[in-house]
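Enquirer: Letter by letter, the chains look like this.
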Amino acid sequence: MNEVKKTKYINPYIGGVLLGIVLLAANFISGRGLGASGAVKSAVVSTVNVVAPTHVENATFYKAYRQSHPGNPMHSWLVFEMLGVLVGGFLSGAFAKRLKFKVEHSPKITSKRRIIFAVMGGILFGFGSQLGRGCTSGSALSGMAVLSVGGFITMTFIFGTAFALAYFFRKNWI
Amino acid sequence: MGPLIVNEIISPNANLFIAFLIGIGFGFALESSGFSSSRKLAGMFYGYDTTVLKVFFTAALTAMLGLLFFSLFGWIDLDFVYINPTYLTSAILGGAIMGAGFIMGGFCPGTAFCAISIGKLDALAFIGGLVLGILFFTEGYPMWEGIYKANFLGTPTMNDIIDLPRGVFALGMILVAFAMFWVGEWAEKKFPREEY
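If you read the sequences in order, they're chains E and R.
Once you know that position 42 of the first sequence is 42 in our numbering, the rest is easy, because the numbers rise by one and skip nothing.
Once you know that position 41 of the second sequence is 41 in our numbering, the rest is easy, because the numbers rise by one and skip nothing.
Bear in mind the hints are in silico, worked out from the structure with no lab data behind them.
Cβ atoms here follow ideal geometry from the backbone N, Cα and C, with glycine treated the same way.
Keep in mind that the hints are not guaranteed to be accurate.
Here are some of the chain E residues that sit facing chain R, going by a computed Cβ distance under 10 Å [what the hints assert, rightly or not]:
#1 Ile10
#2 Val22
#3 Leu23
#4 Val44
#5 Val45
#6 Val48
#7 Pro53
#8 Ala64
#9 Gln67
#10 Gly93
#11 Phe125
#12 Ser148
#13 Gly151
Listing some non-contacts, in silico: residues in chain E with all C-beta distances to chain R over 10 Å [said to hold, decoys possible]:
#14 Val50
#15 His69
#16 Gly150
Derived pair list, reagent style DSS-like, types lysine-lysine, alpha-carbon separation capped at 25 Å [to be verified]:
#17 E:Lys171 / R:Lys189
#18 E:Lys108 / R:Lys190
#19 E:Lys63 / R:Lys149
#20 R:Lys189 / E:Lys108
#21 E:Lys8 / R:Lys189
#22 E:Lys171 / R:Lys149
#23 E:Lys102 / E:Lys112
#24 R:Lys190 / E:Lys8
#25 E:Lys102 / E:Lys171
Start from the sequences and build out the full structure, keeping to the hints where you can.
Expert: Shown next as structure tokens:
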């Protein structure tokens, strides 16, 4: 029974070396690190551009964004990289037989509660990633690899705050 | 020689195709390490599963050492590698808000995309939240522009500010990471739980 339940993930240190090599390749080939939230921002800006083009011409953020990112916002490195993430994650899940639609949550809470907290967490993470100029991938991990002071600070505050608040949300996880 | 794009060894379109390939490696490494499971990720903050710590720091060390050696061999010019700028206030505030989002939502943006690729619907909800959070930031931008741009320090690196050679700082980081791995292994034994 136990053997069936145990999932087959690779050794975390080997996983880390793999991820590190991918990050090194990004720096060597493209001169930049990995990222994730930036691709969502490109999608948001594109959508707003279609829905409300005059708003994009006038609002401060979009004006500055269009100036620093001429051309189609979806024609960006991070958007292509995140499309690859979907493919790579799917392949790994397929090989390991983990493909399955489900809402993962602690048996102590309902799926509905899990979804509500996932949305709230996403809102905070989305907002924080824009304020902090990148998320765990773009700011913390990639920043640390190039020894950026900002990357180390952001990493410390992401993990520090999560640790500090963990007690209040324990029912959701354990 | 490197970075290849800066030295025009590859074209901008090839760079986008390579971004796609790098993304495949990124997604594969995350998923096969178990980062598609929110309960496994959250385990980090309760001590029952410290995979996040091990994968995250091993990856940072690998890339950091790789860049150091590549630079030493003359394969890459680190002056052309993007260094994340440091805006003190927004790095702290943004990090703290992201940390709250992490413990509530159980994902970060990269791991959420990795999780939705194998069918986790809680990750889809998280991504919906990301879109709203980012839209909230872009729409309300004039309100937080001041905080966003406050205390700009340029692009300092850790070895610059404590005035150590890059290699010595890297060695120190390796020792710190090994100490943390040791604590992580200890915590997993002390708070054992089935793997999610």
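Enquirer: Could you run down the list of hints and mark each one as holding or not?
Expert: Against the structure, the hints come out as follows:
1. Ile10: holds, 5 Å
2. Val22: With a closest approach of 4 Å, the Val22 of chain E hint holds.
3. Leu23: With a closest approach of 4 Å, the Leu23 of chain E hint holds.
4. Val44: Because about 5 Å separates Val44 of chain E from the closest Cβ in chain R, which is inside the 10 Å limit, the hint holds.
5. Val45: Because about 7 Å separates Val45 of chain E from the closest Cβ in chain R, which is inside the 10 Å limit, the hint holds.
6. Val48: holds, 7 Å
7. Pro53: violated, 15 Å
8. Ala64: Holds - the Cβ of Ala64 of chain E comes within 10 Å of chain R, reaching about 8 Å at its closest.
9. Gln67: With a closest approach of 14 Å, the Gln67 of chain E hint is violated.
10. Gly93: Since the shortest Cβ distance to chain R is 3 Å, the answer is holds.
11. Phe125: holds, 3 Å
12. Ser148: holds, 4 Å
13. Gly151: For Gly151 of chain E, the interface hint holds, since the closest Cβ of chain R sits about 5 Å away, which is under 10 Å.
14. Val50: Val50 of chain E clear of chain R: closest Cβ-Cβ about 14 Å, beyond 10 Å.
15. His69: Its Cβ never comes within 10 Å of chain R, the nearest being 13 Å, so this holds.
16. Gly150: With a cut-off of 10 Å, Gly150 of chain E comes too close to chain R, as the shortest Cβ separation is near 4 Å.
17. E:Lys171 / R:Lys189: Between Lys171 of chain E and Lys189 of chain R the Cα gap is close to 21 Å, so the pair holds against 25 Å.
18. E:Lys108 / R:Lys190: Since the Cα atoms of Lys108 of chain E and Lys190 of chain R sit roughly 22 Å apart, the hinted pair holds (cutoff 25 Å).
19. E:Lys63 / R:Lys149: holds, 16 Å
20. R:Lys189 / E:Lys108: holds, 23 Å
21. E:Lys8 / R:Lys189: holds, 19 Å
22. E:Lys171 / R:Lys149: violated, 37 Å
23. E:Lys102 / E:Lys112: The given pair, whose Cα atoms are some 12 Å apart, holds under the 25 Å limit.
24. R:Lys190 / E:Lys8: holds, 22 Å
25. E:Lys102 / E:Lys171: Between Lys102 of chain E and Lys171 of chain E the Cα gap is close to 19 Å, so the pair holds against 25 Å.
Checked against the numbered hints above, the structure violates hints 7, 9, 16 and 22; every other hint is satisfied.
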